[in-house]
Amino acid sequence: MIQQEKIKKVLCLFCVLFSVGLVLPITTRAAQLNLTSQAQEIKMGGKFEVSFFLNTEEESINAVEGKILFPEKLLELKEIKDGNSIVNFWVERPRSDSAGSIIFSGITPGGFKSENGLVFSLVFEPKEKNKGQIEFSGIRALKNDGLGTPADVLTRPLEFEIKEADLAPEESIEIKARDYEPPESFAPEIARNESMFGGKWFLVFATQDKGSGIGHYEVKEQKRARIWKKWKAAESPYLLEDQNLRSYVYVKAIDKAGNERMAVVEPRYPMRWYEKYLVWGIIIVIVIFIYIVFRLLNNSILSFPPASPKLQRGERKRESPGRATRSGAGRSDPQKRE
Amino acid sequence: MKKYYLIIYFFLLLIMVLAVGFFILAENILADSNAVVMTVKILVCGDGVREGWEECDNSDLGGRSCASLGYTGGVLSCTPACEFNTSACVTTAPSPPSGGGGGGGGYVAPLIETKVIFSGRAYPKSTVTLLKDAQVAATTVSGADANFQISISGLSGGNYIFSLYSEDSKGLRSSLLTFPISITTGATTQVSGIFIAPTIDIDKSEVKRGDNIAIFGQSVPNSEITISINSDEEFFAKMPAGKDGIYLYNYDTSPLEMGQHFTKSKVALAGEISSFSKAVTFQVGAKTTPKETAKCGKADLNCDNRINLVDFSIAAYWHKRPSPPAKVDFNSDGKVDLIDFSIMAYYWTG
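Keeping their order, the protein sequence lines are chains V and W. Our numbering applies: residue 115 is where the first sequence begins, and numbers increase by one. Our numbering applies: residue 88 is where the second sequence begins, and numbers increase by one.
None of these hints come from the bench; they were simulated from the model. Just to be clear, a hint being listed does not mean it is correct.
To be verified - Dumping the calculated BS3-like pairs for lysine-lysine here, alpha-carbon to alpha-carbon at most 30 Å:
| id | chain 1 | residue 1 | chain 2 | residue 2 |
| --- | --- | --- | --- | --- |
| 1 | V | K314 | W | K422 |
| 2 | W | K414 | V | K314 |
| 3 | W | K330 | V | K192 |
| 4 | W | K378 | V | K366 |
| 5 | W | K365 | W | K378 |
| 6 | W | K407 | V | K346 |
| 7 | V | K314 | W | K407 |
Stated by the list, open to error - What the simulated footprint calls covered on chain V by chain W, stretch by stretch (three residues with Cβ under 8 Å from a Cβ of chain W suffice, anywhere in the stretch; the number is not a length):
| id | segment |
| --- | --- |
| 8 | 220-233 |
| 9 | 293-303 |
Cβ atoms here follow ideal geometry from the backbone N, Cα and C, with glycine treated the same way.
The shape of chain V in the complex, shown without the other chains (with noise of 0.2 Å):
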């Protein structure tokens, strides 16, 4: 009977491993998305990130999207944080669609194989002492295939506890690295496709920046120098003003922390020289600079006649009566021309 129980359980552990040893190869496989947060313990008054990873587990993943979920009685969202991110473009940018909820949707072009690649991180504010946590819904990972084929995905949820603060407010510590480095260098480019905008030039441009993170995009179009024109807020893709493509197109690239980079699309057809008010300008100033010049130098000609070339030009007037002349000598002498 002894014997009959021992050999139950050595059964049973037998079951345990061999089910732990089914389960444990798939799970390993999966694609993991965690999210971690550096700060040991979550305190009122003060800020803390929690940064969103994805660890592929030899899996090559190009697209990922989905929702975070954080409870926003407990939690204000003070930042999205996307520079340095393994996602190369965002399909939807990280944001707050609703209330407690992030929707994110993105690609890396060739798919990203490693571990630990930060797609984005949030910045929150403790609104009050309770526990909570932060999870995932709806994620998706595709595999880098070319048919877009969904990988396993494990998500781990951040738990959390906000305390009291040992520190008043305001005397809370907090440590934000600065941003100097502008965003990355980038080359717009300008398109046009029957599908959209009816078939108008469109611009399309993207950059990144590592630190800080893109904040926005600024566009200029101008066809001349004109200082004056405004830069205009855009999002990629830009619809042109110059359909004609004549224009020089400025865009500038602005990080959170303030920092720019810009880039020049030369026109496609530029202006040509009639066409240049500058031009136009510059050719007005030479022509009246030479007539200056030529009224100058008659005048200094006339005001030191010689004797007798005036004689041989008066008698010249009177060989020919009826043809007009500019002449200044021919209208000093009103009396020979009589």
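Given the coordinates of chain V, assemble chain W onto it according to the supplied hints.
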């Protein structure tokens, strides 16, 4: 008697456990056989650790001194490029003191540049393109021996996704080889041992069962090409690439079942092996149809032979909008969603 039954039952269970364990292990081994086996070395100059090609790294001089380098004295230091700086080494014995000398010249610190250097093998005289965060950052042409080196500087410190691909003499492109690298400001990072997978194409989109299908492409000269033809059973063939790196393999489709199949290739040379190329699909059926080159490649929405930010923007415009054009909806499910963007990301060229 009951005891023996239990022992037999126990042994049967043990055999079952071992058998299942073996199959799981075998599956892992099979899965591993498809994994990338290329060895890429990432060295960081400026991290204070001397490694690989570096003569030194900051204060790590590898135990060398001016004396060990043939000088008679002085102080050996390290340049930002991780090479010995022997400017403060002396070759003659110092002269005796003679009433004090003049002040020495000031040391001008060289400009510290943040740089990444990629080197490896592509195809002979092929264009190698380097993408930084999915946008073209630099291009180079590989040598006749298929070796290339490409670098990019002026970077900020942070995480980057670098990708490389090459285009062979017939305009076929390799798949993207991606490297997520964390860059340190002021450091030079060297990524060596890159082995770009061969290009691959076929001459028929549909082949009559029993007829030959030509599988061809380009890789490193005089290398060994392994071609895989996937069916229910996977077939492998090995052949040498020519002096120009071009390979051509005529495969007899007799062993293949009717239906869709795909083929891919990889290259090995001097103990190094590349990852598999992108897969090319073909149909085994009742007739033979030559493969036609499509006017616009998959995901190339503006037909400029590149899949880049312009195509992404066009797809993004139709994201979640009703009735998108058929050519934007790559998987033909009636909507533009993350799957379409994933397909585009796979074919990306920058």
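Against which earlier hints does the structure fall short, listed by number upward?
3 and 4
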